[in-house]
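There are 2 protein chains.
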Amino acid sequence: MVDKVIHIYVISDSAGETASKLAQAAIAQYDVLDLEVQIVRRTFVSDKETLMDVLQEAKELDAIVLQTLIVDELVVIAKQFCQENGIFSIDPLTPLVDEISRRSETEPNRLPGAMHFLNKNYFDRIAAMEFAVKYDDGKDPRGFLQADIILLGVSRTSKTPLSLFLANKNLKVANLPLIPEAHIPSQLWEVNPKKIVGLTNDPKILNVIRKERMIAYGLNPDTAYSNINKIKEELEFANNLYKKIGCPVINVAQRSIEETASIILSELGLEDRSYYHS
Amino acid sequence: MVDKVIHIYVISDSAGETASKLAQAAIAQYDVLDLEVQIVRRTFVSDKETLMDVLQEAKELDAIVLQTLIVDELVVIAKQFCQENGIFSIDPLTPLVDEISRRSETEPNRLPGAMHFLNKNYFDRIAAMEFAVKYDDGKDPRGFLQADIILLGVSRTSKTPLSLFLANKNLKVANLPLIPEAHIPSQLWEVNPKKIVGLTNDPKILNVIRKERMIAYGLNPDTAYSNINKIKEELEFANNLYKKIGCPVINVAQRSIEETASIILSELGLEDRSYYHS
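Protein chains in written order, with the numbering used here: chain A, 2 to 279; chain B, 2 to 279.
Derived from the structure by calculation, the hints contain no laboratory data.
A portion of the hints provided could be inaccurate.
Note that the list lumps identical chains together, so a pair holds whenever it fits in one copy or between two copies.
[As the list claims (entries may be wrong)] List time: in silico SDA-like cross-link candidates among lysine to any residue, alpha-carbon distance up to 25 Å:
#1 Lys121 - Tyr218
#2 Lys195 - Glu259
#3 Lys170 - Phe45
#4 Lys170 - Arg214
#5 Lys135 - Asn169
#6 Lys5 - Ser102
#7 Lys170 - Asp35
#8 Lys196 - Leu269
#9 Lys80 - Met53
Just chain A, same shape as in the assembly (with noise of 0.2 Å):
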């Protein structure tokens, strides 16, 4: 065990979310107790002073910097200065803008925040967060006819987070909470049934779950919202209805909002529609 902080400092002339994720996949291959890890953004630098600036700080610091610079003479900038100064340095975006230019004969732009370009892919993008929040927990099943993916499950499912996750892909999501006693909206029988997924999870987990959700909130934890027997009755319901739809079932148990998305993206057949950037 090292006691010496590594810091990162994340630079960029927009916001720097590529080499924040970057720096976040490496230090979560590391154990917290083992390393401690400073990631310090310094986001929409625009100009050589305050570049001059933030490459300053990174030397005091003995930092590893991780640009995603785009304007050509910042990159330069950074580039040198590193070198100079024996700095370890990560520009992951420059060879693969290289290596686009130089298949399609054609000059990157060179726009700092190209990819939050207030365009249509853009505000999409806003509209479908919106949507989620519009729609979500069978608020508006009239969502459902324009929704570009439906998604049902019972209780403690994930439904929320994987609408909002979705919808940072471009995608209209509305979802509707399973119990047995409602009433199944009308509308979901119009909805074409290739734009439906059935939402399941472990009986055990939902129980260890609801217990302590019903905790947290100061209640008794052994009412019928986390009876073991009820909430079999409760998937049983909800599985026979996706039989009904003839939709595809994912069981959300022991896996992440990225991995069960990325699932319902291949199981619909659908696109990331956030890389088209027209």
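For chain A, the structure is supplied; the task is to place chain B on it using the hints.
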């Protein structure tokens, strides 16, 4: 203009979020009319056979390989295959992981999907997303007292997408739409003003957005909602409230969600908590 499609193979033993972000950042640098790029996601690749099939596919398409494999054996196979077959490949993760290991004298755990481990940090993020949905749009002002951030703003100042974006960074965000006629919930005065951010926008932009919204709803665009004087009144009401609270004010005009979120974090002195993987 070249009409050949450029394939980018995103290969990961996890969800491939890091590599996808990198690919998106690169292609965002080109005009979509000049370039035909197809991103092919091959995620959750966890064994040699699948990896070899994927690499073979990439070879046949003369694809650019962008891999964030973490399992040592798979990294070696991918590297060797790309080298032997002259495939242009990028591995942004290995140099960073190697450098962290060198500095910390600690071996990485080499577990795929470590970012999505079902640990406390992960469940905190899910809880933050559910919080954002639950306390969106002033639905329940009791949320103000539990929130890390409270966003205030008139209609169409990006409150909902900002709340969701910040939730992804493990921050609990509640938001309240400001309408001059409506009552300000008493809970707002109990909150530490250092948790509050006031959002504003340019009246002309709001005018255009709101007219479009009315048209999208099939309504007359020239209602009180889109009236420029009415909008100015609303913004004045909001600005007076912000002064009374003493909170920072951010104009969202011409800013992406990512940029505004970045400003909010820096104004409130908040860290992006999604980094801490304890």
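Against the structure, the hints:
Only between protomers do Lys121 and Tyr218 lie at most 25 Å apart by alpha-carbon distance; the minimum there is 18 Å, versus 42 Å within a single protomer. Taking CA atoms no more than 25 Å apart as the test, Lys195 paired with Glu259 passes inside one copy only; the shortest distance there is 21 Å, against 33 Å between copies. For the identical chains of this complex, Lys170 and Phe45 are neighbours both inside a copy (24 Å) and across copies (18 Å), given an alpha-carbon limit of 25 Å. Taking the closest pair of Cα atoms, Lys170 and Arg214 come within 25 Å of each other only across two copies (22 Å); inside a single copy the shortest separation is 29 Å, beyond that limit.
Proximity of Lys135 and Asn169 under a CA criterion of 25 Å is satisfied in both settings, with 15 Å inside one chain copy and 18 Å between copies. For a Cα distance limit of 25 Å, the shortest separation of Lys5 from Ser102 across copies, 13 Å, qualifies, whereas the shortest one inside one copy, 41 Å, does not. In this assembly of identical chains, Lys170 and Asp35 lie within 25 Å of each other by CA distance solely across copies; the values are 23 Å between and 35 Å within a copy. In this homomeric assembly, Lys196 and Leu269 come within 25 Å of each other (Cα to Cα) only inside a single copy, at 7 Å, whereas the closest approach across copies is 41 Å.
In the homo-oligomer, the alpha carbons of Lys80 and Met53 lie at most 25 Å apart inside one protomer (11 Å), although the nearest pairing across protomers, at 35 Å, exceeds that limit.
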